[in-house]
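**Student:** One letter stands for each residue in the lines below.
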Amino acid sequence: MSARRVVVVGYGMAGARLAEEIRRRDRTGERVALTVIGAEPHAAYNRVLLSAVVAGTMDADAIRLQDADWAERTGVDLRLGVAVTAVDRDERRVRLSDGSAVDYDALVLATGSTAWVPPTEGLRTEDGALAEGVACFRDLDDCAAIVGRARPGAPVAVLGGGLLGLEAARGLAGRGALVTVVHPVGHLMERQLDPGAGAVLARTLAGLGIEFRLGRLAARYVPGDGLKLDDGAHAPADLVVVSAGVRAETTLAEAMGLECDRGVLVDDALRTSDPRVHAIGDCAQHPGTVSGLVQPAWEQAEVLADLLTGAAPAARYRGTPVVTRLKARGVDLAALGEVHAEDADAEILCLQDATRGRYAKLVLREDRVTGAILLGVPDAAAAVTQLYDAKTPAPSDRLALLLGRALPAAGAPAHSPADLPATAVVCRCNTVSKGQLVKAWRGGACSVADLAATTRATTGCGGCAEAVRGIADWLAKA
Amino acid sequence: MTNVAAPAVDTHCPYCALQCGMRLSGARVEPREFPTNRGGLCQKGWTSGALLTTAHRLTTPLVRVGGELVSASWDDALDLIARKLSALRAEHGPDSVAVFGGGGLTTEKCYLLGKFARVALGTSQIDYNGRFCMSSAAAAGTRAFGLDRGMPFPITDVTRADVVLLAGANPAETMPPFLQHVRNAANSGGLIVVDPRRTPTAEQATLHLQPRPGTDLALALGILHAVVADGHVRGDYVAERTTGFEAAWRIAAAWWPERVERVTGVAAADQRRAAALLAGADRAVVLTGRGTEQHARGTDTVSAWINLALALGLPGVAGSGYGCLTGQGNGQGGREHGQKADQLPGYRRIDDPAARAHVAGVWGVDPDSLPGVGRSAYELLDALGTEGGPKALLVFGSNVVVSAPRAGHVADRLSALDLLVVADFVLSETARRADVVLPVTQWAEEDGTLTNLEGRILRRVKSVDPPDGVRSDLSVLRGLAVRLGQPAHRFPDDPDEVFAELRRASRGGPADYSGITPERLSAGEELFWPVPDEDHPGTPRMFLDSFAHPDGRARFVPVDHSGPAEPVDDEYPLIATTGRVLQHYQSGAQTRLVPELVDAVPEVHVEVHPDTAARAGLVEGAWARVVSRRGATRARVRLVASARQDTVFLPFHFPGAQRANLLTNPALDPTSRMPEFKVCAVRLEVMT
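Just so you know, the protein sequences line up as chains A and B, in that order. Using full-length UniProt numbering, you'd call the opening residue of the first sequence number 1 and step up by one each time. Using full-length UniProt numbering, you'd call the opening residue of the second sequence number 1 and step up by one each time.
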């Protein structure tokens, strides 16, 4: 039995993960002969950590997904720096830019997405390239360009106040750049946040030195000068970082004649309109899945690996509940589910403390969390996310859930020994209650040392010594 | 009974690996100053004298006749055992007889038990309950450092550390006087406790990380990620003293704290705070306990914690390090001298030809006569009475009917044996099922050595005479060996003689005891192994110059998170995790005989979040049925507001229908063969 030939187009986070998942299920290559084609000349890297590269806490090597010898070690035919020029679906043959060709039994498109650059005058040169001083925020080369220009004290404009734009802005501010974010909507991250949360977030980021021009479009870019906005204002910029959204990379899929909408259409088995061709990650469009995030891509890779290796023929991808987390030092933000719900069937709670950068909103239906925004309450964010993922009923004390550790602990220490119930265990190591101490005292053990000798309180770890002294003092006064 | 007025002797507590110093006058206990307990004792230690006068003491061998255990003479009992063993061996071969030991036995007993199995019985089938305790930490420690000594530094290094991370450890209940050693860290804002429950230990923490059970590995990866991302890696140390960082980081790189948060429920901000606390310390110690180790991925989980410690440059540096909090009294010594399926004395491997030659030389036998690697503890129990499995089992110092996972099945396996022999000092739940019960001495009735959680060798001193009719385990082994045709001199029953032989057997091995003498111990020398000769001062701190791998470097091990063996589902929607309470020790066979401890905690309880209990129709104090795929336990409901809603907790010290281990999952760690005690899927039902 010869191995099936699987060809993966794309060596980004989805393609590299798929290759790993296939080899995890088929270590020796007995079932799948795997070819991976990457257009970029360098190894796959972790796009999620690009903001750490911009922030300067990680270098390019630290965010590589795989060691240099990974492909060789695992028997994967990895071809870097070659593009796919055409796919012949009848012949089941992929033609490459170096003139070679690879035949497949199954083809996987993992071509990812590309940054969308708004048609603002001056951002692109006549030949379509980005103008001097303009960079996207999508890949390692972008990061190098950004880091090269974002010197401490230099003005930088970020076009787009979405998740990635804000992560870039935070990283640049952390490097000492003077950052202005220009965003066409009236509040930040409008897909994930309501206006109230957006305002608190802007306030928090402003405290970190970032300025905002909200509800404004950039009208024109002048290299060496900056951005002219649609209200006539001017945002000086040595560097403009474009983070205005991404588009699924479907050029190849369209050329192949596969059905595409915003992305390549796939079903629960991650099949395109040609059942021998699959698509995963940012280039794919699965019903009910938001693209542009790594979690869905990785889950799709697992399902597809199950199918392609035959490890689990019944595996299906049924969507990923999305939790958006802003990765920006000093800001803790989680948003999930239906944050804009307003209908009467939904139970909606909202707390805000803008001065301290906190905003917490919870949407529940039939006791289950269906949406939340949690800004500045990190432990609540963790707890709510678990409830959302597990679909378990929320605690009946909703406020405690939202406040997290901001709430005083239950059973706070009593102020006076008089307030302690007699059954309260004072010395845990020796199971000595307040009642036993009182009894011992009345029996003549009228000092801390005598109480210890009689009841053994304080003779374990000694952590209760102060409490026992307090009880002795209280009894002495009584 | 024994209680003659006896002179006071300085000895150690019979229970946990802290081995608190105590002074015994007959059965009267007083604490004494010792580095591990600094004069403190918990309720178990204080009341341990009651074991010496308990009315439940066995004083005569028992033999099953017509379904009943009846008194027998020692000669009759030993003759019967030897006759049956000989017949089984003749018919089915040496592996038809198995031996199960314990981490509470003295080092001399562990050593002689291993020798008895390999030489007198010729069986490969020997393992012990330490497999259920520290085996994952031991395997991970060996993998990383080339050698496993639970704590490769004295406990005083913990005392002085300004940051201590406790992963899956609850010493406030399991070894209470130990809390003195983390007080400095707690007071200086540096005590980090990782535990799904808000335990008494967690209550004292500066930072309590409360992961979903079974996700500790992901949490350790998240903290490592934060250490790297925030620039805390000790690059010089990693470059000079370790190998393998790159591969370990490739995996941790995919576990950024926000992703880890979603899996574990631990806030990303708290992971970063843990990283910053550890990195900012002058002296930091990472310690693991059973909570993080007793998983089907326990070895990898401990490796993840060690990777974190290595990235921070802690191991092998004076004042800092990684260690495991060993559980049983002689959990350390018990894992070094040959009662483990793959091991010979001195922490040697039984499949190493040089080790076999050395030990066979000391024993005066042909190296080729020694058996090879046998089954691990659960696999051994699971094979009992099956086709090709052992048909007889000798149990020393263990109560597997209560302490083994999937306990109902283990009891069935014991019933399928042709012969079950249990040596114990009381009629434990396992002894009740035996064909022959042998009454043996207990801690204060004999001399012996133990090795505590620090790797410090201790002398246990006889303070009372055993009751009439009771023999030491050493004497039992000698009596059986002779009946099986061994020369008597090969099985001495004097502990000092056994120790002298053990010294020779361990010489040159990783755990080298050859320089330790009873005289040095009695003189109060603080001896930490290895002690390769009598002039050697011992080794309080290991790895200061180099690690025990041939290249002298510690190894990062690339490990990834995959989650528990049994995920929750609609039928079994809750996670059950098991553990301990302060008042009881292990299977409770001893502590359930002490009236004061039973008064304090008489029965099993199940900790449940109030909302979870309400949904199951349960209230505080009600009896619940906790049901897993393997069995059901009845337990009294205790509502705990700080509990995770998805998790219930049961202590495992109780017998019969209250056994938490009726529920547990025997999925085994591929390396350590540790069962998954800490996670299984259950549901709650109202008792009707």
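Hints were generated in silico from the structure; no laboratory data involved. Since this is a predicted model, take the numbers as computed values, not measurements. Heads up, the beta-carbon is just placed ideally off N, CA and C, and yes, glycines get one too. Each hint should be verified, as a subset may be incorrect.
[Stated by the list, open to error] Among the chain A residues that face chain B by a calculated CB cut under 10 angstroms, a handful are:
no., residue
1, Arg325
2, Gln352
3, Thr392
4, Ser396
5, Arg428
6, Cys429
**Student:** Check each numbered hint from earlier against the structure, then list the numbers of those it violates in ascending order.
**Tutor:** 2
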